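**Student:** If you want the building blocks of each chain, they are given just below.
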Amino acid sequence: MASNEEILAGLAEIVNEETGLAPEAVELDKSFTEDLDIDSISMMTIVVNAEEKFGVRIPDEEVKNLKTVGDAVSYIANAQS
Amino acid sequence: MARKVVITGLGATTPIGGDVPTMWKNALTGVSGAHTLEDEWVARYDLPVTFAARCSTPALDVLGRVEAKRMDPSTQFGVIAAREAWADSGITEIDHDRLAVAFATGIGGVWTLLDAWDTLKEKGPRRVLPMTVPMLMPNGVAAAVSLDLGARAGAHTPVSACASGTEALHQGLELIRSGKADVVMCGGAEAAIHPMPLAAFSSMQALSRRNDDPEHASRPYDIDRDGFVMGEGAGALVLEAEEHALARGARIYAELAGTSVTADAYHITAPDPEGLGATRALKAAMFDGRIQAEDVVHVNAHATSTPVGDKPEYTALRAALGKHVDNVAVSATKSQMGHLLGASGAVEAVLTVLAVYERQAPVTINLENQDPEIPLDVVTSARELPAGDIVALSNSFGFGGHNAVIAVRSL
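Note that the protein sequences, when read in sequence, are chains Y and D.
With the working numbering, the residue at position 43 of the first sequence is 43, and numbering never jumps.
With the working numbering, the residue at position 399 of the second sequence is 399, and numbering never jumps.
Hints in this document: simulated from the structure, not taken from any laboratory.
Among these hints, one or two may not hold up.
[Said to hold, decoys possible] Keeping only pairs whose Cα atoms sit at most 20 Å apart, straight-line, the calculated SDA-like set for lysine to any residue is: (1) Lys53(Y) with Val128(D); (2) Lys67(Y) with Gly10(Y); (3) Lys180(D) with His96(D); (4) Lys69(D) with Leu36(Y); (5) Lys53(Y) with Arg127(D); (6) Lys69(D) with Asp39(Y); (7) Lys69(D) with Ile38(Y); (8) Lys53(Y) with Leu120(D); (9) Lys323(D) with Phe287(D); (10) Lys4(D) with Ile252(D); (11) Lys53(Y) with Leu129(D).
[What the hints assert, rightly or not] Computed footprint of chain D on chain Y, listed as stretches where at least three residues anywhere in the stretch have a Cβ under 8 Å from a Cβ of chain D: (12) 45–56; (13) 68–81.
None of the values given here were measured: they were computed from a predicted structure.
Think of the CB as a built atom: it goes at the ideal place given N, C-alpha and C, for glycine as much as any other residue.
Modelling step: build the complete structure from the supplied sequences, incorporating the hints.
**Tutor:** Below is the structure:
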């Protein structure tokens, strides 16, 4: 099981791979759409890559609730526990 | 009178050069872009053909990593060529509602399609990437170029196998003549050096089997030709209404004087042995451009190096040009870069425009024993074209019986 810091770092790496955004720009309070300018197709790619990396399942209907990076980190942490 | 259409920008990425200046220099010298494939899948599938002509500059050396991820390799090549042509045109300000795209492909996103199929089988549907559909669709390259340039007067994708790239120029000319656009980014892109297309073309006996000597495998008009060599890449040309180009003081390479498209309606893959469809296409392009046989000094031939394909093209050239065909310098540039399928017509159009502009015909390599049934004047070392008003033709023919011809006139 990964700590929240490890999840954030892993997520930042995935976002960087998909969008080219610097990993340090991926902060807990940042909104995926408003702040990071991530569209729905990139978001789905990030979700699927996160599922593989952290060994969790994020149902499609949950994705719309993951508004900020922090939401995603919490969801993954809960799903792992 | 119809609007005159001129060519003001050129771009290309090919097995003999990752940009137009490099390709042109090599085309005049005569080099081979065909090499043995080092990919592990060649042995894994025990492919009967183990070589191809890859682009000399990988797309990922040119494009950003993130933008490349959202494009099939064919679209990557198309965008690279289109950006070069756009920069070359020198256009800085334009009414984007009057800018169109006609960008062709023969096969489309075959890498994306088959990678996604492999992913589905190995990892399940959840892992199939959400960008799969926009990357595999054949109009993906036209759409990407339209997005890149902000071209809003329509983005068209002619698909007619190996005639596609030439048909794109035909569409571009029509768009400007009919007043639907003032500028059209035309081109063709292909990236099908993947084990499945290699196996498929090979099983129809279309590919050369000269595995021990790839550099000499593409040999149009040679008596020992045994098939084409798979190539990849893209070519792009900026077509512009003459008055639009003159108003901005553009450098004009040549006039796109006439184009044509015909269909054989003879056989799904075999060319009409009499070359009737090709003859009609040649005559129609010349009629369209008000060109007499005697005006033609150069032909960039389709000439893929297959035993059955090269001769009917000769028959058609003789039927369309008559005795004057003996005075025409013919170049078979697939000898150097292999067959770029849906991109071939666009890349060969770039070479044809440069031949007229620079007054030089590119070289045909590997012609050791010319087939006596094809007595053309084949250019085997760089040759100057005459001064004065000249016309050059470029032919493309595709599976399905598609024939497309363009006529380029000096200015």
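**Student:** Are the hints correct? Go through all of them and say.
**Tutor:** Structure-based check of each hint:
{"no.": "1", "hint": "Lys53(Y) with Val128(D)", "verdict": "holds, 16 Å"}
{"no.": "2", "hint": "Lys67(Y) with Gly10(Y)", "verdict": "holds, 18 Å"}
{"no.": "3", "hint": "Lys180(D) with His96(D)", "verdict": "holds, 12 Å"}
{"no.": "4", "hint": "Lys69(D) with Leu36(Y)", "verdict": "holds, 18 Å"}
{"no.": "5", "hint": "Lys53(Y) with Arg127(D)", "verdict": "holds, 12 Å"}
{"no.": "6", "hint": "Lys69(D) with Asp39(Y)", "verdict": "holds, 15 Å"}
{"no.": "7", "hint": "Lys69(D) with Ile38(Y)", "verdict": "holds, 15 Å"}
{"no.": "8", "hint": "Lys53(Y) with Leu120(D)", "verdict": "holds, 18 Å"}
{"no.": "9", "hint": "Lys323(D) with Phe287(D)", "verdict": "holds, 18 Å"}
{"no.": "10", "hint": "Lys4(D) with Ile252(D)", "verdict": "holds, 12 Å"}
{"no.": "11", "hint": "Lys53(Y) with Leu129(D)", "verdict": "holds, 15 Å"}
{"no.": "12", "hint": "45–56", "verdict": "holds (count 4)"}
{"no.": "13", "hint": "68–81", "verdict": "violated (count 0)"}
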